[in-house]
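Add chain B with the ligand to chain A, keeping to what the hints say.
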Amino acid sequence: MGGCCETAGLGSVVLMSINEKPKLEATLITGRTIEQGVEKEYGKSSREYAESVAVCYIDAEDMKKLGVKEKTNVQVSTRFGSVVVKVLKSPRTPHPGIIFIPYGPWANSIIDPETHGVGMPSFKGVPATVEPAADKPVLSLTELLNAQFGKV
Amino acid sequence: MSVVTAVTCPVCGCLCDDIELTIHDNKVVKVKNGCAMCEAKFMGYSSEHRLLKPMIRKNGELVKVSITEAVKKAANILAEANYPVLYGWSNTSCEAISVGIELAEEVGGVIDNTSVVCHGPSLLSIQEVGIPSCTLGQVRHRADLIIYWGSNPWSSHPRHIERYTAFSHGRFKKSAWKNYVTKIKALVGRKKVQSAIKRLFVKEKIPSAVALSNFRHTPYLQTGKNSRKLIVVDVRRTKSAEIADYFVQIEPNKDYELLQALRALVRDQELEVDNVAGVPVEYLEEIVDAMVSCDFGALFFGLGLTMSGGKMRNIDAALSLVRDLNMRTKFVIMPMRGHFNVAGANTVFTWQTGYPYAVDFSLGYPRYNPGETSVVDILLRKESDAALIVASDPISNFPRKAAEHLTENPLIAIDPHMNVTAQVADVVIPSAFAGIEAAGTAYRMDHVPIPLKKVVEPPKGVLPDETILQRILAEVKKLKQANVREEA
Ligand code: SF4
Numbered sequence: 001m002g003g004c005c006e007t008a009g010l011g012s013v014v015l016m017s018i019n020e021k022p023k024l025e026a027t028l029i030t031g032r033t034i035e036q037g038v039e040k041e042y043g044k045s046s047r048e049y050a051e052s053v054a055v056c057y058i059d060a061e062d063m064k065k066l067g068v069k070e071k072t073n074v075q076v077s078t079r080f081g082s083v084v085v086k087v088l089k090s091p092r093t094p095h096p097g098i099i100f101i102p103y104g105p106w107a108n109s110i111i112d113p114e115t116h117g118v119g120m121p122s123f124k125g126v127p128a129t130v131e132p133a134a135d136k137p138v139l140s141l142t143e144l145l146n147a148q149f150g151k152v
Numbered sequence: 153m154s155v156v157t158a159v160t161c162p163v164c165g166c167l168c169d170d171i172e173l174t175i176h177d178n179k180v181v182k183v184k185n186g187c188a189m190c191e192a193k194f195m196g197y198s199s200e201h202r203l204l205k206p207m208i209r210k211n212g213e214l215v216k217v218s219i220t221e222a223v224k225k226a227a228n229i230l231a232e233a234n235y236p237v238l239y240g241w242s243n244t245s246c247e248a249i250s251v252g253i254e255l256a257e258e259v260g261g262v263i264d265n266t267s268v269v270c271h272g273p274s275l276l277s278i279q280e281v282g283i284p285s286c287t288l289g290q291v292r293h294r295a296d297l298i299i300y301w302g303s304n305p306w307s308s309h310p311r312h313i314e315r316y317t318a319f320s321h322g323r324f325k326k327s328a329w330k331n332y333v334t335k336i337k338a339l340v341g342r343k344k345v346q347s348a349i350k351r352l353f354v355k356e357k358i359p360s361a362v363a364l365s366n367f368r369h370t371p372y373l374q375t376g377k378n379s380r381k382l383i384v385v386d387v388r389r390t391k392s393a394e395i396a397d398y399f400v401q402i403e404p405n406k407d408y409e410l411l412q413a414l415r416a417l418v419r420d421q422e423l424e425v426d427n428v429a430g431v432p433v434e435y436l437e438e439i440v441d442a443m444v445s446c447d448f449g450a451l452f453f454g455l456g457l458t459m460s461g462g463k464m465r466n467i468d469a470a471l472s473l474v475r476d477l478n479m480r481t482k483f484v485i486m487p488m489r490g491h492f493n494v495a496g497a498n499t500v501f502t503w504q505t506g507y508p509y510a511v512d513f514s515l516g517y518p519r520y521n522p523g524e525t526s527v528v529d530i531l532l533r534k535e536s537d538a539a540l541i542v543a544s545d546p547i548s549n550f551p552r553k554a555a556e557h558l559t560e561n562p563l564i565a566i567d568p569h570m571n572v573t574a575q576v577a578d579v580v581i582p583s584a585f586a587g588i589e590a591a592g593t594a595y596r597m598d599h600v601p602i603p604l605k606k607v608v609e610p611p612k613g614v615l616p617d618e619t620i621l622q623r624i625l626a627e628v629k630k631l632k633q634a635n636v637r638e639e640a
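As they're listed, the protein sequences go chains A and B.
Per the working numbering: the first sequence = residues 1 to 152.
Per the working numbering: the second sequence = residues 153 to 640.
None of these hints come from the bench; they were simulated from the model.
Only a predicted model underlies this, so the values are computations on that prediction, with no experimental measurement involved.
All the pointers check out, no bait thrown in.
To give an idea of the interface, some chain B residues facing chain A are shown, with a C-beta separation under 7 Å as derived from the structure:
#1 Val268
#2 Pro273
#3 Ser307
#4 Arg388
#5 Pro404
#6 Met459
#7 Met464
#8 Ala510
#9 Pro522
#10 Gly523
#11 Val528
#12 Pro551
#13 Thr559
The beta-carbon is built from N, C-alpha and C at its ideal position, and this holds for glycine as well.
The shape of chain A in the complex, shown without the other chains:
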């Protein structure tokens, strides 16, 4: 399917694979939320911090298309990796085709590391697919770190 530029703006594209599991092609934006800003001050090993960043804000229409309800799990994948997070309905819609994950280890496991010669990876505007993943758990921080680095 198209890259981010074609997908965004023209609305979201929902693909049906053979086993009829819907998939959403979207542009991933990562950024700050005030909840994440507050929780990080309490300490990043707190459960609240994980709850505030292991989430993905999706447009209500896109959620319908995907057939997912709020607080259920979805798998977000990019060329750089894949991660399971909880869906939250985006409070500021409409923004079809744009999904948002707050800064944190979950978002960073799927963003584009390439810095294009300026030293900074692409934290915003990465093409991604979202699919329902009711059967997969959201990893805790320790589990995530263990899976990624095997050292905690």
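Same frame as chain A, now just chain B with the ligand:
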């Protein structure tokens, strides 16, 4: 119980210095004037995740050790490394940063600060194009048009709007807050009328979008000489966008096109398209009208601009737009700096080495070439062989691939919190919170230096970053001398 006034908030680049703290029994018990993030910091800094004892990884486990042992181990790692990376720095005082740079020079490593993953591209652009800027005080007192581009101050700099821009009460410009409240009341009133009508004539559908579009497109501050206008450009309708007079919802990665289109319009050129970046040209014309007809405009840009496609070229375009606008009226531009002392890190780096970030001392003198000497690139190329992280959490902030290389080599973390980096580090040294348990200096986003206060004592045995770094530096120097003697 005692009250300390005029405390500086060590959280975001706004560096609000009007915080009032009530201290009881060496603990902050009440925070006045701060936003939610400020309150969380002052009330939560001594939470259960606080680091209290230095630790070293032995047989895969972090075990508690004395501060002397931790410092020795850290110095050993750095002295033995060929190409260590010293990273972080934006959440500590300028005094600590200064020692850090000396340490980087001593060990022949690379020192980089967090601006490399936030406003690094902005700095590169500013070096190329230049920046017409001013202090936030000027904006507060004089600006009548505020633009936030790719920035959501409501969440990232909660008091920016209230203290310095649209809702602040300046000497020459009035706060827009009252108008906003009136507007909201009117909106709520209209909604009530609508639902009343709905109840009366159930079948008749009143589209709620009407109310919203009225709100978004009717500038409510057009009248009055002293009023201010607010424009927000973003890919999402953020909370900040909701209070704006004009909200421009732009397609992701299209900032460059939009900025260049605005430049053309400012120069009175015609656009031969209907839409740019998903925004109707008519609407853009309205916005350009507002821009050129203001007396003093201020454009604040955030990571939405530096991090999306085009990166530093976006900033080039934004700086050029402001340069063009200055031919018609007075306009300034400023990056919204995130961490409270990231501007200080850039400043101290520059005055000590000549460069704002990504400084490489491996040849014995400072070299600067972002893309080559910047920390993420070094990690992706797997070149570094040790790292010292001060007051930052790259393991949770860097892309996974870069973070991976950090964990594969000896890693030293100096931080008040048991953050993710500390959890995977080999040496962990707890430090006092700059601005709460340690005094110092920090630079606000407009490069005004502001003193940080020490309001409570740190936990027993916990030292400020500056002292820890000085001890590591002294130890490294000792090791080097010993080596020289051995060789002789
Ligand atoms: S706006 Fe920033 S500096 Fe001001 S109180 Fe809030 S967190 Fe602190």
